[in-house]
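Chemist: These are the residues of each chain, in order.
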Amino acid sequence: MKNSKVLIFFLLITIVGCCSSVVSFSSIVFAADEEEFSELMDEYEEKNKQTRVADPLYWCNYGVFKFNDKMYDWFIEPAANGYKFVVPEGIRSCIGNFFTNLFFPIRFINNFLQGDFRGAGTEAEIFFLNTTVGMLGIAQVAQETFDLQISDEDFGQTLGKYHVGEGFYIVWPFLGPSTLRDTFGMAGDSLFYPLNYLDAPEVVIGSKILYTINSTSYRIDDYNTLRKGAIDPYMALKNGYIQQRIEKIKK
Amino acid sequence: MIKQKKYLLPICLWVMIFTSLICFAETSPMNCVQKNFDEIVSILKSPLFKNKTEKEQQNEMYEKLDSNFDFKIISMLALGRNWKRFSPGQRDEFANYFSKLVTKVYLSKIRGENLDGIKVDYVKTIDLKTKSRRSDVYTVLHNNGTKTPVVYRMMQTESNDWKAYDILVEGVSLIANYRDTYRTKSMIPPETIIKELKAKVEK
Numbered sequence: 003m004k005n006s007k008v009l010i011f012f013l014l015i016t017i018v019g020c021c022s023s024v025v026s027f028s029s030i031v032f033a034a035d036e037e038e039f040s041e042l043m044d045e046y047e048e049k050n051k052q053t054r055v056a057d058p059l060y061w062c063n064y065g066v067f068k069f070n071d072k073m074y075d076w077f078i079e080p081a082a083n084g085y086k087f088v089v090p091e092g093i094r095s096c097i098g099n100f101f102t103n104l105f106f107p108i109r110f111i112n113n114f115l116q117g118d119f120r121g122a123g124t125e126a127e128i129f130f131l132n133t134t135v136g137m138l139g140i141a142q143v144a145q146e147t148f149d150l151q152i153s154d155e156d157f158g159q160t161l162g163k164y165h166v167g168e169g170f171y172i173v174w175p176f177l178g179p180s181t182l183r184d185t186f187g188m189a190g191d192s193l194f195y196p197l198n199y200l201d202a203p204e205v206v207i208g209s210k211i212l213y214t215i216n217s218t219s220y221r222i223d224d225y226n227t228l229r230k231g232a233i234d235p236y237m238a239l240k241n242g243y244i245q246q247r248i249e250k251i252k253k
Numbered sequence: 029m030i031k032q033k034k035y036l037l038p039i040c041l042w043v044m045i046f047t048s049l050i051c052f053a054e055t056s057p058m059n060c061v062q063k064n065f066d067e068i069v070s071i072l073k074s075p076l077f078k079n080k081t082e083k084e085q086q087n088e089m090y091e092k093l094d095s096n097f098d099f100k101i102i103s104m105l106a107l108g109r110n111w112k113r114f115s116p117g118q119r120d121e122f123a124n125y126f127s128k129l130v131t132k133v134y135l136s137k138i139r140g141e142n143l144d145g146i147k148v149d150y151v152k153t154i155d156l157k158t159k160s161r162r163s164d165v166y167t168v169l170h171n172n173g174t175k176t177p178v179v180y181r182m183m184q185t186e187s188n189d190w191k192a193y194d195i196l197v198e199g200v201s202l203i204a205n206y207r208d209t210y211r212t213k214s215m216i217p218p219e220t221i222i223k224e225l226k227a228k229v230e231k
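If you read the protein sequences in the order shown, they are chains A and B. Numbering-wise (the working numbering), the first sequence opens with residue 3 and increments by one. Numbering-wise (the working numbering), the second sequence opens with residue 29 and increments by one.
Okay, chain A solo, but in the shape it has when bound:
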């Protein structure tokens, strides 16, 4: 009788012990889960904080966004589609390379301003090689044969490097998303764009249209994808722009 009581007592203890260990084990697993995700949650919360840019001109910006949206549907996309159909990839790529070469002064000066002298030197090398051997930049000899890489810097990024904040969000007609800082950046860069010094406004405007249509021909679907996937395309475009700028400034 006594023996069986002792036995039952031990049995009870083991059962309780087992239960509590199961409970504590599962709570450890649960806690680890929560902790693991809270770490991830914090990481993304931080990411979101960094990309928060004020939008005091919301109504105006939204109007321009809608305008650009319609412009894309009515003119830019059909033009890019037609252009892509008519102009073979080889020629489109040459045109793209030609423009990339023309943007050299902007990249050079901004690499220099950011203290990246090596980058500026590489830019000069690429410009020299592509303008001569690459026939005014239509062939990217420096990138393909000598494996040199351009570093796509602009004045907005330079200001960002020196901790100038974005200011606030601005949507420009035709040019799309920007910020106060990047607008100053664009204005600064336009001083170093050679075609702006041509005395023929029709050539300047024509070249801008060609550049836009040519680069859009490579990414016709991108804007449609954004619109299809986004819950709020205005917000998605704004956030995408800000994220991309932050990433570029980091580089």
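Wrong hints could be hidden among the right ones.
Output of the computed footprint for chain B on chain A, the stretches with three or more beta carbons under 8 angstroms from beta carbons of chain B [to be verified]: (1) 39-53; (2) 227-237.
Stretch by stretch, here's where chain B covers chain A in the computed footprint (C-beta under 8 angstroms, at least three residues) [unchecked claim]: (3) 132-141; (4) 211-224.
To be clear, the hints were calculated from the coordinates, so they are not data collected in a lab. All C-beta atoms, glycine included, are put in the ideal place defined by N, C-alpha and C.
We have chain A already, so just place chain B on it with the hints.
Modeler: Leaving out everything else, chain B in the frame of chain A:
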């Protein structure tokens, strides 16, 4: 009999070591990304898939993507602080529609592409020093004349395989992008958020 067993042992050992090596090779996050991408391309290229209706194609791609992405964590990260307001049922419902939206967008994007002109460079893997096992796999997508850097953010699951919880295209995090939109919806009831998402999927 005994002799036979002695003879078998090295073979068994050898097979065991070999298979464990295969498994090890398979579970690296980069191999995982590569394997999944190749599988998706071969599905898209197969004549069987091409003959299917749009709905059937979506379902097949949905199943494939659902096994490669952790949509539960994706939904949690996308919803941000709103996640706490969602009941378990609503969370599942949201994750379900969210994965359908991703599938739909992905399929519509890739359908128009010339698959033979697509090539992926697998650049590097960075293992993150976090509590859960996470790695970022850096790739460059060459698509008919354009180059796009794409980063797959991978997390190891309990069954030791890897699932993606975010994709960064040219430095833009897809999940952070949705999170930014949902941040402004903190006053909107979960049912409305789900309804809105569902409408987007069915549009």
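Chemist: Each hint should be assessed against the structure and marked as holding or not.
Modeler: Each hint, compared with the structure:
Coverage of the stretch 39-53 of chain A by chain B holds [criterion: at least 3 residues with CB-CB distance below 8 angstroms; count 9]. Counting residues of the stretch 227-237 of chain A whose C-beta lies closer than 8 angstroms to any C-beta of chain B gives 7; at least three are required, and the coverage claim holds. For the stretch 132-141 of chain A, the stated coverage by chain B is violated: 0 residues have a C-beta nearer than 8 angstroms to a C-beta of that chain, whereas at least 3 were required. Interface restraint, the stretch 211-224 of chain A with chain B: holds (3 residues with C-beta to C-beta distance below 8 angstroms; minimum three).
Consistency with the previously given hints fails for number 3 only.
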